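With the hints as extra help, turn the sequences into a complete structure.
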Amino acid sequence: MEQNNLKITVYGSEQICASCVGAPSSKDTYEWLQAAISRKYRDDSISFDYIDINQPPPAHQQFVERIYADDLFWPIVLVNEEIVAEGIPHIKTIYQALDKKGLKQS
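For what it's worth, my numbering labels the leading residue of the sequence shown as 1439, then goes sequentially.
These are calculated hints, taken from the structure and not from any lab test. Just so you know, not all the hints are guaranteed correct.
[Unchecked claim] Below 25 Å or equal to it, Euclidean Cα-Cα: the simulated DSS-like pairs (lysine-lysine) are:
{"hint": "1", "residue 1": "K1530", "residue 2": "K1542"}
{"hint": "2", "residue 1": "K1538", "residue 2": "K1445"}
{"hint": "3", "residue 1": "K1465", "residue 2": "K1445"}
{"hint": "4", "residue 1": "K1478", "residue 2": "K1538"}
{"hint": "5", "residue 1": "K1465", "residue 2": "K1478"}
{"hint": "6", "residue 1": "K1539", "residue 2": "K1478"}
{"hint": "7", "residue 1": "K1445", "residue 2": "K1539"}
{"hint": "8", "residue 1": "K1445", "residue 2": "K1478"}
{"hint": "9", "residue 1": "K1465", "residue 2": "K1530"}
{"hint": "10", "residue 1": "K1445", "residue 2": "K1542"}
{"hint": "11", "residue 1": "K1542", "residue 2": "K1478"}
{"hint": "12", "residue 1": "K1478", "residue 2": "K1530"}
{"hint": "13", "residue 1": "K1445", "residue 2": "K1530"}
[Stated by the list, open to error] Derived CB-CB ranges, DEER-like:
{"hint": "14", "residue 1": "H1528", "residue 2": "D1490", "range": "21 to 27 Å"}
{"hint": "15", "residue 1": "P1496", "residue 2": "K1465", "range": "17 to 23 Å"}
{"hint": "16", "residue 1": "N1443", "residue 2": "Y1506", "range": "25 to 31 Å"}
{"hint": "17", "residue 1": "P1494", "residue 2": "I1526", "range": "19 to 25 Å"}
{"hint": "18", "residue 1": "G1525", "residue 2": "H1498", "range": "15 to 21 Å"}
Quick caveat: nothing in here was measured; it's all calculated off a predicted structure. All C-beta atoms in this analysis are idealised placements derived from N, C-alpha and C, irrespective of residue type, glycine included.
Structure below.
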């Protein structure tokens, strides 16, 4: 069986996005997504990464600049470099993106 090796990246900040007042922090959202996805898919080929947009590693600097230039709302969730959610993410949308990538639910 072929491994999909999916990468889920969440870009965010400790400061809540101005348009997302009342929403959980980006880090809380990242932890929630990691737990929910791990329970539903139970797949070792999924990796998770959280990027603080205020202190991004050099490899992520270009995308962080895009976040500010395009006024994107954080947290921003990517599956294999493709934006699947921004602002307040909806888990069903993320599950659909994972299903489209061929990931099988447990």
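Taking the hints in turn, this is what the structure says about them:
1. K1530 with K1542: 15 Å, holds
2. K1538 with K1445: 14 Å, holds
3. K1465 with K1445: 17 Å, holds
4. K1478 with K1538: Roughly 15 Å between the alpha carbons, so the hint for K1478 and K1538 holds.
5. K1465 with K1478: Holds: K1465 and K1478 sit about 20 Å apart, inside 25 Å.
6. K1539 with K1478: 15 Å, holds
7. K1445 with K1539: Within the cut-off at roughly 11 Å; holds.
8. K1445 with K1478: 16 Å, holds
9. K1465 with K1530: 19 Å, holds
10. K1445 with K1542: 15 Å, holds
11. K1542 with K1478: Holds, at roughly 9 Å.
12. K1478 with K1530: Distance ~11 Å between K1478 and K1530 Cα, so the pair holds.
13. K1445 with K1530: 17 Å, holds
14. H1528 with D1490: 21 to 27 Å: Since H1528 and D1490 have Cβ atoms about 23 Å apart, the given range 21 to 27 Å holds.
15. P1496 with K1465: 17 to 23 Å: This hint holds: roughly 21 Å between Cβ atoms.
16. N1443 with Y1506: 25 to 31 Å: 30 Å, holds
17. P1494 with I1526: 19 to 25 Å: Given a distance of about 22 Å, which is inside 19 to 25 Å, the answer is holds.
18. G1525 with H1498: 15 to 21 Å: Once the Cβ atoms are compared, 19 Å apart, the range 15 to 21 Å for H1498 and G1525 holds.
Comparing the model with each numbered hint stated earlier shows that all of them hold.
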